[in-house]
Amino acid sequence: MPKLSIEDLEKISERVRRTTLLREGAGRAKVTVHMGTCGIAAGSRKIIDTLLRLVEEQDVKDVILTTSGCAGLCSREPMATVELLQEAPVKYVDLTEDKIRRIFLEHVLGGRPVQEYALAVGSERTQ
Amino acid sequence: MKPYRANVMVCAGTGCVSNHSLEIKKAFEEEIQKRGLADEVQVVTTGCNGFCGAGPIAVVQPDGIFYQLLKIKDIPYLVEEHLLKGRPVPRLMYVPPEEKIHIPKMNDIAFFKGQMLVALRNRGMIDPENIDDYIARDGYRASAKVLTTMTPDEVIQMIEASGLRGRGGGGFPTGVKWESCRKAKGEPRYVICNADEGDPGAFMDRSIIEGDPHSVLEGMVIGAFAVGSSEGYIYVRQEYPLARERLVIAINQAREYGLLGDDIFGTGFKFDVDIRRGAGAFVCGESTALMASVEGRVGEPRAKYIHTVEHGLWNKPTCLNNVETWATIPAIIMRGVDWFTSIGTGDVSENPWGGSKGTKVFSVAGKINNTGLVEVPMGITLREIIFDVGGGVPKGKKFKAVQTGGPSGGFLAAELLDLQVDYEQLTEAGSMMGSGGMVIMDEDNCMVDMAKYFLTFTQDESCGKCAPCREGTLRMLQILQRITDGKGTEEDLVLLEDLSHYVIDSSLCALGGSAPNPVLTTLRYFREEYEVHIRDKKCPARVCRQLNVYTIDPNLCVTKGHGCGVCRAQCPEKAIVGEKNKAHSVIQDACKKCGVCYDVCKFDAIQIS
Chain A
1 MPKLSIEDLE
11 KISERVRRTT
21 LLREGAGRAK
31 VTVHMGTCGI
41 AAGSRKIIDT
51 LLRLVEEQDV
61 KDVILTTSGC
71 AGLCSREPMA
81 TVELLQEAPV
91 KYVDLTEDKI
101 RRIFLEHVLG
111 GRPVQEYALA
121 VGSERTQ
Chain B
128 MKPYRANVMV
138 CAGTGCVSNH
148 SLEIKKAFEE
158 EIQKRGLADE
168 VQVVTTGCNG
178 FCGAGPIAVV
188 QPDGIFYQLL
198 KIKDIPYLVE
208 EHLLKGRPVP
218 RLMYVPPEEK
228 IHIPKMNDIA
238 FFKGQMLVAL
248 RNRGMIDPEN
258 IDDYIARDGY
268 RASAKVLTTM
278 TPDEVIQMIE
288 ASGLRGRGGG
298 GFPTGVKWES
308 CRKAKGEPRY
318 VICNADEGDP
328 GAFMDRSIIE
338 GDPHSVLEGM
348 VIGAFAVGSS
358 EGYIYVRQEY
368 PLARERLVIA
378 INQAREYGLL
388 GDDIFGTGFK
398 FDVDIRRGAG
408 AFVCGESTAL
418 MASVEGRVGE
428 PRAKYIHTVE
438 HGLWNKPTCL
448 NNVETWATIP
458 AIIMRGVDWF
468 TSIGTGDVSE
478 NPWGGSKGTK
488 VFSVAGKINN
498 TGLVEVPMGI
508 TLREIIFDVG
518 GGVPKGKKFK
528 AVQTGGPSGG
538 FLAAELLDLQ
548 VDYEQLTEAG
558 SMMGSGGMVI
568 MDEDNCMVDM
578 AKYFLTFTQD
588 ESCGKCAPCR
598 EGTLRMLQIL
608 QRITDGKGTE
618 EDLVLLEDLS
628 HYVIDSSLCA
638 LGGSAPNPVL
648 TTLRYFREEY
658 EVHIRDKKCP
668 ARVCRQLNVY
678 TIDPNLCVTK
688 GHGCGVCRAQ
698 CPEKAIVGEK
708 NKAHSVIQDA
718 CKKCGVCYDV
728 CKFDAIQIS
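Chains as they are written, first to last, in the working numbering: chain A, 1 to 127; chain B, 128 to 736.
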């Protein structure tokens, strides 16, 4: 292993930035997938899998993925809530892998909520 | 690399490890594997979380949910509920004493809320055995900054201006020490990290090394650059195997990355560190005894007028600081003097002794609800540490005293609870900052017995080189023994006080120089308790067994215990008589007051009066 330069320190930080933010619970955006029994039955595992793949594929560092229990609207599962920093959370319902992909690209990365999949805006906070 | 969506941070400090946290970690991994979550959820071991009383501990991130007192059988449920279904498990969360509501988030728990982390800044956030984790949290940036953009004088000036004082207990301004060492004549120079933490009940240094060893190494690199040294030693006691193991890993990783060794950051600056194991002698925490031990000689101190910054290790200029001091240095370099001086008491702009700046780590133990490691700003009151952060005294008992500074420190009574914790105030009250041990005592503790306990420790650990410490502490101990045996006289208190001052004034090193502190402070704040022992031959806390009279409540003995006879069988003096199903009694003339009957009776029938 050659000697590290100061730039190398930055590179190492950048490489593990996702983990750092995850442990600090701080990110630019947070996506919560509701994984109650209803959600799991309706396919929320696929949703979180897709999200994890997207994060990897797009090499995103500052988005936190997490899970929570049943959101109370079991008939519209799978559901996910997207929270951007300083913005109201948006709840998405009846998700599929394609829908969550679009939500991730347009809302999480692009900052524009996908209106047609959204149930409500600003209904509740998860924090 | 596929990203993880959750990290389970399992505490692997010594406290949690001894409560099987490594098995808990394995259980997590197995269950996560079983549930098919292995590539989504990562299990990480961290250094001491601090809330040792609640161990084994795991914190699930990014949610910040704190789980305590974990058992292996809890793990499958926890993984299924929280990590699979996203529902945190309330029954494994913390519930404050005397309240019924659990607190899910770590940062909402009073124990954590009242703390301010500087030396422990990476606590629970990094894997201590992974240098990348440390670098990710700005690790080695301070050494990079110092080596590439600052001169040694600038570094010294900065540390001096920060008002940082030795966290090992002495409170000597770190910058002043560095400057004297830099100015001293002689080559080579050495830097030493004192990790010979010997106070009973103290585990600050151990936790820092176990949880964040690189912070200590980085601090030493900066110190070495400032004083012009290329060789450092870490003196760590043999009783800290985990700390040493993590240090070895950290040193090897840092060497591999070129953060230790030749030509660090391409600046030509060279520095490396070696570990020396101490054999667990308390006196080797004293700087000159420590240096003798590093050299391979018997660990005995020498007179203080020869300064170690000029004639230290192998008679060369040496800069010795404690673990916590070293770990604080990178934070000061990164965040600046203004930030550091904004925390704490007093004013250090003119005089480095003018105040106590920054934070201090304390290990809080004894009769306290939240046993653990806390870092708080200087100037916080004892009351805040003990009752807010520490959660108060368990079982509704009354707070009696707090012992600060270990065996060299003193006991502070309840009326001093609003004392601001800093170097000067503690010294003025007769105690000292010490390395930061804090032992809480309640109404069931006898102060004479506690003084005896600490003096027994220092007497035992006295190296014997100088007579005042060797003989003086022994005589003092004999007097205390006499008092707790009920054979003390009024004159003993005068003699005890006189002897204390002789020992303090004439001992060679700080061990003898501070050993009488527990005696002096108990005499100052709890004199009445000594007098009751002497005059009434009674121990109010019923701890000193020779002063107790043991009797048996015949009613309880028969109704509850049915004359079980355990006390009769166990009494070494055969001083208890009675028959099965009948009340037993103690023959007072034969009783040697060992208290065995009291310990073995399951029915509380043995009474002390």
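Among the hints, erroneous ones may be present.
Per label pair, the in silico range of CB-to-CB distance [as the list claims (entries may be wrong)]:
#1 A/G110 / B/I228: 53 to 63 angstroms
#2 B/E157 / A/A26: 49 to 59 angstroms
#3 A/E87 / B/G297: 23 to 33 angstroms
#4 B/I228 / A/K46: 16 to 26 angstroms
#5 B/E570 / A/E87: 28 to 38 angstroms
#6 B/G395 / A/R53: 38 to 48 angstroms
#7 B/K161 / A/A41: 49 to 59 angstroms
#8 B/W441 / A/L85: 49 to 59 angstroms
#9 B/R651 / A/D8: 54 to 64 angstroms
#10 A/A26 / B/K161: 47 to 57 angstroms
#11 A/A26 / B/D465: 22 to 32 angstroms
#12 A/G111 / B/G163: 26 to 36 angstroms
Just so you know, the hints here were simulated from the structure itself, not pulled from any lab data.
Here the structure is a predicted model, which is why all the values come from computation and not from measurement.
The beta-carbon is built from N, C-alpha and C at its ideal position, and this holds for glycine as well.
Results for each hint:
{"no.": "1", "hint": "A/G110 / B/I228: 53 to 63 angstroms", "verdict": "violated (41 angstroms)"}
{"no.": "2", "hint": "B/E157 / A/A26: 49 to 59 angstroms", "verdict": "violated (30 angstroms)"}
{"no.": "3", "hint": "A/E87 / B/G297: 23 to 33 angstroms", "verdict": "violated (52 angstroms)"}
{"no.": "4", "hint": "B/I228 / A/K46: 16 to 26 angstroms", "verdict": "violated (36 angstroms)"}
{"no.": "5", "hint": "B/E570 / A/E87: 28 to 38 angstroms", "verdict": "violated (55 angstroms)"}
{"no.": "6", "hint": "B/G395 / A/R53: 38 to 48 angstroms", "verdict": "holds (47 angstroms)"}
{"no.": "7", "hint": "B/K161 / A/A41: 49 to 59 angstroms", "verdict": "violated (20 angstroms)"}
{"no.": "8", "hint": "B/W441 / A/L85: 49 to 59 angstroms", "verdict": "holds (56 angstroms)"}
{"no.": "9", "hint": "B/R651 / A/D8: 54 to 64 angstroms", "verdict": "holds (57 angstroms)"}
{"no.": "10", "hint": "A/A26 / B/K161: 47 to 57 angstroms", "verdict": "violated (31 angstroms)"}
{"no.": "11", "hint": "A/A26 / B/D465: 22 to 32 angstroms", "verdict": "holds (25 angstroms)"}
{"no.": "12", "hint": "A/G111 / B/G163: 26 to 36 angstroms", "verdict": "holds (33 angstroms)"}
The structure fails hints 1, 2, 3, 4, 5, 7 and 10 (numbered hints given earlier, in ascending order).
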